[in-house]
Amino acid sequence: MSTETAAAPVESAPAAPETKRARKHRKFSPWSVVAWIVALGFFFPVAWMVLTAFKQEGDAYTTPPKLFFTPTLDQFKAVLDSGIGTALLNSAFATAMSTIVVLVLGVPAAFALSLRPVRKTKDALFFFISTKMLPIVAAIIPLYVIVNDIGLLDNIWALIILYTAMNLPIAVWMMRSFFLEVPGELLEAASMDGASLWTSVREVILPLVSPGIAATALICVIFSWNEFFFAVNLTAVQAQTIPVFLVGFITGEGLYWARLSAAATLAALPVILAGWVAQNKLVRGLSFGAIK
Amino acid sequence: MTTIAEKPTAGGTSDRVRELREAKDDSVSRAEGWRRRGPLLPALIFMIVVTQIPFLFTLYYSTQSWNLVRPGSREFVGLQNYADVFQDSQFREVAVNTVILIVGTVLISVVLGLLLALLLDRAFLGRGIVRTLLITPFLVTPVAGALLWKTTMFDPVFGIVNFVLSPFGVGQVDWVSKFPLASVMVSLVWQWTPFMMLLILAGLQSMPRDILEAARVDGAKPFAMFRELTLPHLRRFIELGAVLGAIYLINTFDAIYMMTQGGPGTASANLPFYIYQRAFLGFDIGQAAAMGVIVVIATIVVATLALRLIFKSFSGNEEAA
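Just so you know, the sequences run in chain order W and G.
When the letters of the first sequence are read in order and numbered with full-length UniProt numbering, they come out as residues 1 to 292.
When the letters of the second sequence are read in order and numbered with full-length UniProt numbering, they come out as residues 1 to 321.
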């Protein structure tokens with residue numbers, strides 16, 4: 001298989017005038033079928049979850065599993081009645097606020113570490129990323145005590161602060177890699193035209209890196225929305241986020257698969273959609289900008 | 001192709017050098033220095049406060065005998081907690097589980113990710129859709145993902161896995177209670193393979209095609225080309241994937257919490273879950289803190305090597321740029 005794939009681009013290389021589109025239709029290889037099957041296999045659990053969410057409980061528990069059934073919205077209604085709304089709002093608020101704070105703190109920092117590097121840039125970068133390497137669990141006890149002492153237990157702001165700390169290093173690294181791509185000549189030209197630093201930032205740099213800022217924001221959204229460890233330890237009822245709600249829902253409702261699937265679908269869907277939109281930038285964010 | 005650490009873009013280098021030099025010559029370079037540092041400081045201070053202070057507390061708590069169930073029991077015990085942790089055979093088992101979980105998940109997902117990336121590194125009908133489907137497991141809220149595997153996939157009676165395997169004579173196996181660690185690993189591999197695939201695919205697409213072409217003209221066999229050219233080129237991408245995967249996986253908590261609760265016994269507990277149990281279910285703050293410190297020290301050793309890799313692997317090798 002590897003041989004086939006390694007050779008494929010080479011075979012098509014001499015036919016340079018051929019357009020990309022034509023090549024796409026010309027090539028047919030059994031490996032494409034394999035790729036499709038594997039992809040559907042990986043996707044299957046998610047598809048099954050969404051499918052189950054539209055079932056009646058009876059249809060969810062059958063052997064053999066039921067592929068065809070009369071879809072119903074009952075499970076979604078039941079889940080919405082059980083207070084998932086508050087959890088969704090909490091998650092949305094924590095995610096949005098922490099992402100905003102990350103950008104407010106992270107974009108200037110990335111700027112300082114790229115286009116106008118400070119002394120000890122390397123040390124600062126090292127410090128940021130080293131915080132990602134340490135197991136969160138080593139800090140959770142004092143965090144619990146501190147958060148309790150300052151009265152932020154079961155308060156969404158505690159999560160906002162921690163999610164900011166969780167995502168800031170990734171954002172700084174990722175944004176830095178976008179800033180480094182700004183062509184030096186552009187900045188030079190701007191300063192020769194007499195533009196002040198602020199003007200060239202606003203007029204030249206920001207427009208160029210704004211897609212990068214958007215991609216960074218989406219990465220932060222994905223991580224904050226899916227975060228569970230802080231949320232389960234530092235929130236209870238008031239500030240519970242969607243993953244914590246899911247856990248409580250299981251203990252409260254027992255194992256109603258269809259209903260659980262509906263709740264899980266509502267929890268997972270926003271991030272899946274965001275990730276699909278940002279998939280081109282995903283790898284860069286997830287690798288801290290080390291790869292573009 | 002790659003941008004990292006100390007490798008500025010080609011055009012930027014001379015600019016930056018000039019800028020720095022100008023700043024140095026300037027009589028107000030001190031003010032300029034602060035102006036440069038200014039944008040960095042809020043983020044730096046925020047990170048120091050939020051991440052370093054709690055750890056100092058952890059260090060302090062680890063010297064205390066402090067169990068919330070026994071009020072007034074709190075006292076300084078020096079390194080006693082550490083001695084206890086090292087004598088705790090469960091801690092050792094859990095540490096081994098943690099290593100198995102990380103190494104196993106990283107290895108399997110890197111290999112699967114490599115195979116998938118090779119499959120996707122060609123133009124074919126619906127490649128975009130295939131990639132989209134493949135990355136979805138990585139996006140699913142881990143709690144939901146773990147729940148999904150525990151119920152609809154691994155359930156002994158109604159689970160899809162047993163249904164699919166039934167023609168092969170596999171009966172109603174209760175995967176999660178019989179193979180708890182492996183079950184957790186399956187769900188983690190499912191989540192992390194897409195990440196490795198994306199990373200390695202990025203590597204494949206940065207392969208210089210002319211070198212492959214030259215090798216082909218020289219009569220190299222496809223497999224030899226893969227081994228001699230593609231794999232060495234992919235090496236740093238694979239390394240980066242393994243390092244990043246390990247960084248994220250050391251904190252694995254959701255999957256274990258949802259699927260096995262670390263059980264049976266501590267058969268599937270990893271260090272984060274075990275420390276959580278000690279602290280929040282056993283209320284043994286001192287012991288849990290000592291474990292936290294030990295985990296951090298162990299991680300620092302590994303992470304120092306890993307960081308060096310991240311910094312170096314993408315700045316040294318220019319052949320792909």
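What the hints contain is simulated information worked out from the structure, not anything from laboratory work.
A couple of the hints might just be wrong.
[Said to hold, decoys possible] Facing chain G, from chain W, some residues (calculated, C-beta under 7 Å):
1) 43
2) 46
3) 68
4) 71
5) 72
6) 85
7) 88
8) 92
9) 133
10) 218
11) 229
12) 271
13) 276
14) 280
[Claimed, not checked] Ranges between beta-carbon positions, derived for each pair:
15) G/301 with W/183: 39 to 49 Å
16) W/80 with G/45: 41 to 51 Å
17) W/68 with G/172: 17 to 27 Å
18) G/45 with W/183: 24 to 34 Å
19) G/68 with W/50: 58 to 68 Å
20) G/79 with W/57: 53 to 63 Å
21) G/172 with W/58: 19 to 29 Å
22) G/60 with W/151: 18 to 28 Å
23) W/66 with G/45: 55 to 65 Å
24) G/172 with W/210: 52 to 62 Å
25) G/224 with W/30: 42 to 52 Å
Quick caveat: nothing in here was measured; it's all calculated off a predicted structure.
All C-beta atoms, glycine included, are put in the ideal place defined by N, C-alpha and C.
Here's how the hints hold up against the structure:
no.: 1; hint: 43; in the structure: holds, 4 Å
no.: 2; hint: 46; in the structure: holds, 5 Å
no.: 3; hint: 68; in the structure: violated, 16 Å
no.: 4; hint: 71; in the structure: violated, 17 Å
no.: 5; hint: 72; in the structure: violated, 18 Å
no.: 6; hint: 85; in the structure: violated, 17 Å
no.: 7; hint: 88; in the structure: violated, 12 Å
no.: 8; hint: 92; in the structure: violated, 13 Å
no.: 9; hint: 133; in the structure: holds, 4 Å
no.: 10; hint: 218; in the structure: violated, 11 Å
no.: 11; hint: 229; in the structure: holds, 5 Å
no.: 12; hint: 271; in the structure: holds, 5 Å
no.: 13; hint: 276; in the structure: holds, 6 Å
no.: 14; hint: 280; in the structure: violated, 10 Å
no.: 15; hint: G/301 with W/183: 39 to 49 Å; in the structure: holds, 41 Å
no.: 16; hint: W/80 with G/45: 41 to 51 Å; in the structure: holds, 42 Å
no.: 17; hint: W/68 with G/172: 17 to 27 Å; in the structure: holds, 24 Å
no.: 18; hint: G/45 with W/183: 24 to 34 Å; in the structure: holds, 32 Å
no.: 19; hint: G/68 with W/50: 58 to 68 Å; in the structure: violated, 42 Å
no.: 20; hint: G/79 with W/57: 53 to 63 Å; in the structure: holds, 55 Å
no.: 21; hint: G/172 with W/58: 19 to 29 Å; in the structure: holds, 20 Å
no.: 22; hint: G/60 with W/151: 18 to 28 Å; in the structure: holds, 22 Å
no.: 23; hint: W/66 with G/45: 55 to 65 Å; in the structure: holds, 57 Å
no.: 24; hint: G/172 with W/210: 52 to 62 Å; in the structure: holds, 55 Å
no.: 25; hint: G/224 with W/30: 42 to 52 Å; in the structure: violated, 22 Å
In summary, the structure is inconsistent with hints 3, 4, 5, 6, 7, 8, 10, 14, 19 and 25 from the numbered list given earlier, while agreeing with the others.
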